[in-house]
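Q: Given next are the chains, with one letter for each unit.
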Amino acid sequence: MFTNFDVLETIDMVQKEHLDIRTITMGISLLPCIRETAEETALAVYDRVCSKAKDIVKTAESLSGEYGIPIVNKRVSVTPVSLITAAFPEKAGLVGKALDNAAKTLGIDFLGGYSALVHKATAAYERTFIQTIPEVLATTDRLCSSVNVGSTRSGINMEAVKMMGETFKEAARLTADKDGIGAAKLVAFCNAVEDNPFMAGAFHGVGEADVVVNVGVSGPGVVKHALEKIPEADLTDAAEMIKRTAFKITRAGQLVAKEAAKRLNAQFGIVDLSLAPTPAMGDSVAQILEELGVETVGGHGTTAALAMLNDAVKKGGVMASSRVGGLSGAFIPVSEDIGMIQAAEAGKITLDKLEAMTCVCSVGLDMIAISGDTPATTISAIIADEAAIGMINNKTTAVRVIPAPNKTVGDQVNFGGLLGRAPVMPVHNTDSSRLINRGGNIPAPIHSFKN
Amino acid sequence: MRAVVTVTGKDKKGIIAKVSQFLAERSVNIEDISQTILGEYFAMIMLVDISGASTELSALAKDCKELGEKIGMSIYMQHEDIFNAMHNV
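These protein sequence lines are chains A and C, in that order. Under the working numbering, the letters of the first sequence match residues -11 to 439, in that order. Under the working numbering, the letters of the second sequence match residues 218 to 306, in that order.
Because the hints were derived from the structure by calculation, they are not lab data. Errors might be hidden in some of the hints.
Covered stretches of chain A, going by a simulated chain C footprint (3 or more residues, C-beta under 8 Å) [as the list claims (entries may be wrong)]:
no., segment
1, -10 to -2
2, 52 to 63
Computed cross-link-like contacts, EDC-like style, restricted to lysine to aspartate or glutamate with a CA-CA straight-line distance of at most 20 Å [to be verified]:
no., chain 1, residue 1, chain 2, residue 2
3, A, Lys246, C, Asp298
4, C, Lys227, A, Glu49
5, A, Lys250, C, Glu273
6, A, Lys4, C, Glu283
7, A, Lys46, C, Glu242
8, A, Lys4, C, Glu273
9, A, Lys166, A, Glu123
10, C, Lys279, A, Glu123
11, C, Lys282, A, Glu(-3)
12, A, Lys250, C, Asp280
13, C, Lys282, A, Asp0
14, C, Lys279, A, Glu49
15, A, Lys250, C, Asp298
16, C, Lys227, A, Glu123
None of the values given here were measured: they were computed from a predicted structure. The beta carbon of each residue, even a glycine, is placed where N, CA and C say it ideally should be.
Let the sequences and hints guide you as you build the complete structure.
A: Okay, here's the thing in structure tokens:
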């Protein structure tokens, strides 16, 4: 049984420390929707998504009311669209549009899965599909796209890496009137996971059940607040405190996930125990690192503090939930985290430091605005660096950079809402084109041969 | 089904009366009450049974919040499972 202290602690977590369930994401398989033509497939996709997820918003709202914990986002992820449009890839956009319409009908904020998995090679239909991404992102509002360009088991597909540099540029160019928001809805992955509930990288893997409910919990504010209570503690005790806090947060997520799956007639998938910041004050991962003792995020010691945080979150979360999955760790997006935004504006955090941090955090270079005139090959090289970190370290890494059209270092981009705002950050102006234009594959590392 | 009602805020007259009357009107049965005053700060935690309640939990929770705003206190009603989940291994 819980004590009065426990009750008041939970209330404080929600009211003062931004504890929330960040997202309930329903994963829906689109494999039953494959028809002979793109038009018929698009219709079937729209109908299936709308029928399977019809109660997602209502259910989330009543769960939120009953448990007294906000459920911020309701989302859907689907089977990578490149798979279901393989017979007519040039018309994949019709399915993208149908998915965007379904998202609007359902009243959800994002739908993920306009995706391709090309970590070993790019089939002709996938090449055509990837070429549709910028246009589709520019003509839809809620659709998110991702491409997996590498994995520890298969190495890095450098042709796909090259294409993705161009895809980011084009996605930003076609949405120049909105600071290049198209690129903010696009992710290049290495070791993408099939049950990630977070956007923009969510998709529903083919190994998943027909319909699942995955839940992403959050709560950087709760962790920061817990650490504020023990300002003099050594790092062993600080890690313990983070672990305990992550446990409580994840238990809330597990409860909501199980109940949501039951009510939505879906399988309970996973709880993703990521610390996902928002631009709101006090909801920042950067500020946790600063609470641990780094003066400004990006300074020396940041990587060590982040490594400890990421690991402690996982340990607490794994104990709390029978089914942990997704990305699970700490996110370090720049534009979505007030502490990161401030550090970037002050020039205290650089792309190089962020890259180092991605070696120990749960994802990668996320929501970083760069100059609009950055060459596509440089963006590809950034993706290749990140993919290499993921491949060698056997972890998920990702790149979501926005080459903001007509903007340069010192300017700001502003996407509003959850996507936030960010200063344009400098990249190295050295030429990487020779490396990128070589093509081929970076072979899988020796330690991938485990059989 | 049981829920926890939490009432916090600056102490004043008639808080318990107003809250319990509100619950009685909705056929919510109070099973346990614990209440303390810390300085001027009032904190009350009630364990209630809502099996016979006239409305469902999410609507009751919303009404509680509104009552709180009316009488100048913070009032929350939540399913007891959330506390069991978060605070018990």
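Q: CA of Lys4/A to CA of Glu283/C, is that 20 Å or under?
A: holds (19 Å)
Q: Hint check: Lys250/A vs Glu273/C, CA-CA at most 20 Å. Holds or violated?
A: Holds, because 18 Å separates the two Cα atoms, which is no more than 20 Å.
Q: Has the given pair, Lys279/C with Glu49/A, been kept, meaning a C-alpha gap of at most 20 Å?
A: holds (12 Å)
Q: Could you grab the alpha-carbon distance between Lys282/C and Asp0/A and see if it respects the 20 Å cut-off?
A: holds (15 Å)
Q: Does Lys227/C pair with Glu49/A here, judged by a C-alpha cut-off of 20 Å?
A: violated (30 Å)
Q: With the threshold set at 20 Å, check whether the alpha-carbon distance from Lys246/A to Asp298/C stays at or below it.
A: holds (12 Å)
Q: Just to be careful, I want the Cα atoms of Lys250/A and Asp298/C compared with a cutoff of 20 Å; is the pair within it?
A: Measuring from Cα to Cα gives roughly 15 Å; hence the hint holds.
Q: Is it true that the CA of Lys4/A sits at most 20 Å from the CA of Glu273/C?
A: Violated, because 27 Å separates the two Cα atoms, which is more than 20 Å.
Q: For Lys282/C and Glu(-3)/A, compute the direct alpha-carbon distance and say whether it is at most 20 Å.
A: Holds, at about 18 Å.
Q: Below or equal to 20 Å on CA atoms is what counts here, so check Lys250/A against Asp280/C.
A: Distance ~26 Å between Lys250/A and Asp280/C Cα, so the pair is violated.
Q: Regarding the pair Lys166/A and Glu123/A, is the alpha-carbon distance no greater than 20 Å?
A: holds (14 Å)
Q: Are 3 or more residues of the segment 52 to 63 of chain A near chain C, judged by a Cβ distance of less than 8 Å?
A: Since 6 is at least three, the answer is holds.
In the structure shown, a violation is registered for the earlier hints numbered 4, 7, 8, 10, 12, 16, in ascending order.
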